[in-house]
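> Residue numbers (the working numbering), protein chains in the order written: chain A, 302 to 415; chain B, 19 to 128.
Think of the hints as simulated: they come from the structure by calculation, not from any bench. Incorrect hints may appear among the rest.
[What the hints assert, rightly or not] Over the 10 Å line for every Cβ pair with chain A, so calculated as not near, a few chain B residues:
#1 51
#2 61
#3 92
[To be verified] Simulated restraints on C-beta separations:
#4 A:317 <-> B:57: 27 to 35 Å
#5 A:370 <-> B:123: 33 to 41 Å
#6 B:83 <-> A:403: 18 to 26 Å
By construction, the Cβ of each residue, glycine as well, lies at the ideal position given by its N, Cα and C atoms.
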Amino acid sequence: IAGITQAPTSQILAAGRRMTLRCTQDMRHNAMYWYRQDLGLGLRLIHYSNTAGTTGKGEVPDGYSVSRANTDDFPLTLASAVPSQTSVYFCASSEGHRDTDTQYFGPGTRLTVL
Amino acid sequence: GQSLEQPSEVTAVEGAIVQINCTYQTSGFYGLSWYQQHDGGAPTFLSYNALDGLEETGRFSSFLSRSDSYGYLLLQELQMKDSASYFCAVKPGGSYIPTFGRGTSLIVHP
């Protein structure tokens, strides 16, 4: 079934460790996004990519980095994790970045930083 | 910047009709979207309004008034499976990336 996969499903991480969350889509969508979701705060954009080879910063980019080497993959890296990065992380994609484009979300990664 | 306001929680009984409101402030505006998210699940797209008026998709309808910076999601013939969080999202001018509201938890009682 076409869609977006994320790995791992959940992770407990010690503060200070480096962690990469993986996201892969097989819909050949041009645009991809990373959001974090915290209770009561909704979905906040971390980073995005309009097309392979380009990335941009969202609302809460500090402490995170991304790369977009190809169309399908959009990994999110926490260089040195801190407890405030405990959250549920959702990857999403859209066909393009037109106003009518719908976002499709992956199943999420639940990350706990101790 | 952008800001969206929606109620944090709404409760209703099975078979009823419920309306979830969303007001927004944004510099420029492309459209208003609605997403549904069940506990522990991924958000899924419900509807998108770019123009004023009502869009109907089965039991769900979405309304937009650009002049009032206001929209709502209307759910009819409520079912237990409609218990979920509902997010409105705006696409501000100059960016096609949506900004999400904090979500409304809908609880449907038997």
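> Flag every earlier hint the structure violates by its number, smallest first.
1 and 2
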